[in-house]
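Engineer: Here's the letter readout for the chains.
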Amino acid sequence: MSASVTTAHNAKRMNRAALVRRLVARIGEDPAVIGGIGHSNFDLWAAGHRARNFYMLGSMGLAVPIGLGVALAQPRRKVFVLEGDGSLLMQLGCLSTVAAQRPANLAILLLDNGTYQITGGQRTPAELAGTDLVAVARAAGLPQAAWAADEADFDRLVAQCLDTEGPHVIGLKLDDAPPAGQTERDPAQIRDRFMRGMGAKRSGLPG
Amino acid sequence: MNEGAAQPWHEIVLEVLKANEVRLVAYVPDNVLKPLISGCHADPFFTTLAAAREEEAIGILCGAWMAGMRGIALMQTSGFATLANVLASLPCAFQIPALMMVSERGTLGEFNIGQAMVNRTMRPVLDSLGIEHHTITRRDECGFILDRSIRQAVTTQAPACLILSPLLTGGKVLKA
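In order, the protein sequences belong to chains A and B.
With the working numbering as the guide, the letters of the first sequence map in order to residues 1 to 207.
With the working numbering as the guide, the letters of the second sequence map in order to residues 1 to 176.
Any given hint might turn out to be false.
Quick list of the computed label-pair ranges, beta carbon to beta carbon [unchecked claim]:
id, chain 1, residue 1, chain 2, residue 2, range
1, A, 26, B, 7, 41 to 47 Å
2, B, 34, A, 176, 44 to 50 Å
3, A, 176, B, 123, 53 to 59 Å
4, A, 75, B, 134, 50 to 56 Å
5, A, 175, B, 170, 55 to 61 Å
6, B, 170, A, 90, 46 to 52 Å
Sample of chain A residues facing chain B (criterion: CB under 8 Å; computed from the structure) [what the hints assert, rightly or not]:
id, residue
7, 7
8, 24
9, 25
10, 74
Just so you know, these hints were derived from the structure itself, not from any lab.
All residues carry an ideal CB built from backbone N, CA and C; glycine is no exception.
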């Protein structure tokens with residue numbers, strides 16, 4: 001993956017909902033997908049519920065740590081994390097934590113629209129400063145981190161996540177389109193369904 | 001479970017964690033917790049890792065629980081004080097038995113005024129979030145309180161917090 005030479009400013013600005021649909025279509029049923037706060041998980045929801053989807057509510061910045069925990073608990077299953085740039089900025093230290101553990105099954109997809117879209121589109125400090133978050137990930141000890149040049153490059157990078165050992169980071173520059181849906185905010189149900197999907201809970205109750 | 005009166009508190013904790021299949025230990029370092037952290041690192045039963053922030057440790061535990069692995073977060077009082085939002089919106093809202101063990105600073109001989117002040121926020125935060133918590137002061141009660149707290153957390157799908165008093169651990173005192 002480190003062969004990619006796409007730089008942040010050369011990456012095509014793509015549509016989040018369309019990319020998440022592409023991801024879901026490509027990875028099949030087995031991997032877990034952790035959707036970070038707000039629009040990151042809204043577009044995961046809008047792409048169609050999967051048994052191994054988890055949609056965060058609050059706890060901004062914890063999508064990567066949650067994904068790390070899932071990856072450590074089930075090392076043979078691929079885990080994809082969808083995390084926003086503003087969210088990652090709140091918890092940059094998690095990149096070092098991931099790098100220290102080197103979970104081979106973890107892939108972090110950085111959804112970078114440069115703004116806090118859900119609160120009105122204010123630009124992030126990283127956007128104002130020109131911070132390259134993929135470069136930050138590499139410097140944190142995650143060498144398999146790359147910006148996706150365009151949709152075809154994204155497909156190639158996702159295939160690498162599926163076929164090779166990680167941890168991987170894919171940076172995605174996004175347009176400012178709104179999300180394609182809104183997740184049902186029922187955390188206990190979301191957690192229950194995810195645990196069943198992960199084989200971590202058995203229940204005689206339907207669902 | 002804690003046979004032998006001389007068994008130190010951290011060995012009791014290790015035994016009870018193992019007996020309850022708590023395998024993941026995520027910590028932010030603390031001097032009082034050092035022997036427990038070292039004991040976890042030394043025992044291959046545990047997956048033991050340092051997190052950069054206590055919030056991260058809670059996220060890691062919650063992810064691991066949902067994928068079938070029990071865990072506990074180790075921290076000190078000041079670290080707990082960073083957690084109100086994530087406790088409310090992750091383990092409380094999602095009904096996840098996130099286990100926390102807090103080495104208590106700020107009381108019984110504290111020398112840092114910041115620690116003394118932040119200590120006063122800890123139990124009110126736990127109470128206002130409705131999180132079960134116990135302060136462990138005696139070695140002969142340590143195993144029982146921890147064991148029963150883990151069982152209750154798991155069966156009621158609720159977070160729980162064990163506070164390790166300086167009465168148990170000796171705490172941290174200013175060196176003359």
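Engineer: Next, verify each hint and record whether it holds.
Structural biologist: Consistency of the hints with the structure:
| no. | hint | verdict |
| --- | --- | --- |
| 1 | 26(A) x 7(B): 41 to 47 Å | violated, 54 Å |
| 2 | 34(B) x 176(A): 44 to 50 Å | holds, 49 Å |
| 3 | 176(A) x 123(B): 53 to 59 Å | violated, 45 Å |
| 4 | 75(A) x 134(B): 50 to 56 Å | violated, 33 Å |
| 5 | 175(A) x 170(B): 55 to 61 Å | holds, 58 Å |
| 6 | 170(B) x 90(A): 46 to 52 Å | violated, 36 Å |
| 7 | 7 | violated, 27 Å |
| 8 | 24 | violated, 19 Å |
| 9 | 25 | violated, 24 Å |
| 10 | 74 | holds, 5 Å |
Hints 1, 3, 4, 6, 7, 8 and 9 from the earlier list are contradicted by this structure; the remaining hints agree with it.
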